[in-house]
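A.B. asks: These protein sequence lines are chains A and B, in that order. Terminal number for the first sequence in our numbering: 293, no gaps in between. Terminal number for the second sequence in our numbering: 159, no gaps in between.
Warning: the hint list may mix true and false statements.
[Unchecked claim] Listed below are several chain A residues computed to face chain B (Cβ distance under 8 Å; list not exhaustive):
(1) Ile9
(2) Pro10
(3) Leu36
(4) Ile47
(5) Ser51
(6) Ala54
(7) Pro103
(8) Gln104
(9) Asn107
(10) Ala234
These are computed hints drawn from the structure, not numbers from a lab. No residue lacks a Cβ here, since even glycine has one placed at the ideal position from N, Cα and C.
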Amino acid sequence: MYDFSAVYIPESLEQALRMKHDHPQARILAGGSDILIQVREGRLAGIEVISIQALDELRGVTLEDDGTVLIRPLTSFSHVSSDPVIRRCVPVLGEAVDQVGGPQIRNIGTIGGNICNGVTSADSAATLKALDAELEISSVGGTRRLPYAEFNLGAGKVDLKADEILTGIRIPRDSWENTFGHYIKYSQRRAMDIATLGCSANVRLSKNKRKIERFRLAFGVAAPVPIRAFSAEAVANGSLISSELIENIAQAALKDVNPRSSWRASKEFRQHLIAELTRRATRAAIEKAGGTL
Amino acid sequence: MDKRRISLVLNHRPTELWVDPRASLSEVLRGEASLTSVKHGCNVGECGACTVLINGETFNACIYLAIWADGKEVLTVEGLSDEEGNISDIQQAFIDEGAIQCGFCTPGFIISSLPVLERDEVPSRDEIRRQIAGNFCRCTGYEKIVTAIQKTARARHGG
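Isolated chain A (complex conformation) (with noise of 0.2 Å):
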């Protein structure tokens, strides 16, 4: 039995925000692949919960008539790495949560709580980072839009209210159009593990192939939030596509984080794999975009 103070389980999201509104202290559960963990362990024991699970209106991804790709927060990892909007216009988002855990956490896990919990480590934030993807916030009041880049205030703290819910998350057509992206997970085992580095890149290239035309770069465990290398990607724009560059590229991500140490790596090794997987996943970017190095 999970020690769980109070379980209110709404029927529709309606309900849920009501219940968000009126029960601001409870903790919303979707997947519980980190929740329910940690009220197990204790850390959350006797905590009020409102479980979001059965809410079907939360989960699917969509095209928008804008060419907004619209996922909403409940879709499991691995219902976002087989969806054909995912295959066909971020496929770097799918191969991303396709690391994730093993199958039964993928099937579990959710994209929304997996930002929503804030952690340096989720695998979808360095990937939803570097597509620059808008969050759908809903209250009782109304709904507001919020840059993901804005959205992680510091470890484990993310900017929803005590009586909001996140429902959707956008990445905009002009971040998925003619752009390519490659996420290199770094781990200690190929599965059950959690990333003690993340680099997720994309690229789009000139006509002809030789100049990268827009460059994004972001990173989870390389700070203690996932974040974006804006000076690594100021480097990159509009430059013509060399070797050189490339190692430019992965000179100008260190400037851009602040890892630290742990007992799954030292700071001056996670800078060596900040480095290095910033080259591998450039060149792979620019690979799968036609460029040649």
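With chain A's structure known, arrange chain B on it following the hints.
C.D. replies: Chain B only, in chain A's frame:
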């Protein structure tokens, strides 16, 4: 806490259960439903010993609330036998290949192998390993488990 009624199809049979909202599905399956193939190993979604099939996908029943099973089709290893109690091809393959030692992890592995056995072609050893990556076995070293699953897939596709 007040119990809630859930309706599910459990091992092919329509079933109604009254469950505590705080209960995990593994507790309810092992308790009220007496389906003890579902093992409590780690209880935190790491070892896969409690794996069950829900609407065709694998889940760790220990980190799945019983109330979430409302309206779903749930399958445990008990549901693989036929009406006379004869075991299925995949169970027999585990025995024949020596893919069982202590046996604790076996029901979870068998359930985890089901989605890959549904495919149109015989899976590679790597594909099988990926499908069972959320199940731990501390006895066999996995090789024989992979062999048992691949052998079953081959037999189902006409050898």
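A.B. asks: Taking the hints in turn, state whether each one holds.
C.D. replies: Checked hints:
1. A hinted interface residue such as Ile9 of chain A counts as satisfied when its beta carbon comes closer than 8 Å to some beta carbon of chain B; here the least separation is about 7 Å, so the hint holds.
2. Restraint check, Pro10 of chain A versus chain B: the minimum CB separation of about 12 Å is more than 8 Å; hint violated.
3. Annotation: interface hint on Leu36 of chain A holds; nearest CB of chain B at approximately 5 Å, less than 8 Å.
4. Annotation: Ile47 of chain A was flagged as interfacial toward chain B, and the flag is violated, the nearest CB pair being 11 Å apart, outside 8 Å.
5. Below 8 Å, beta-carbon pairs count as interface contacts, and Ser51 of chain A has one with chain B at about 7 Å; its hint therefore holds.
6. The beta carbon of Ala54 of chain A is positioned within 8 Å of a beta carbon in chain B (closest approach about 7 Å), and the interface hint is therefore held.
7. For Pro103 of chain A, the interface hint holds, the least distance from its beta-carbon to any beta-carbon of chain B being 5 Å, beneath 8 Å.
8. Evaluation of the Gln104 of chain A hint against chain B yields a held restraint, the C-beta minimum of about 4 Å falling below 8 Å.
9. Restraint check, Asn107 of chain A versus chain B: the minimum CB separation of about 5 Å is within 8 Å; hint holds.
10. Given hint, Ala234 of chain A at the interface with chain B, is violated; its Cβ is 38 Å from that chain's nearest Cβ, farther than 8 Å.
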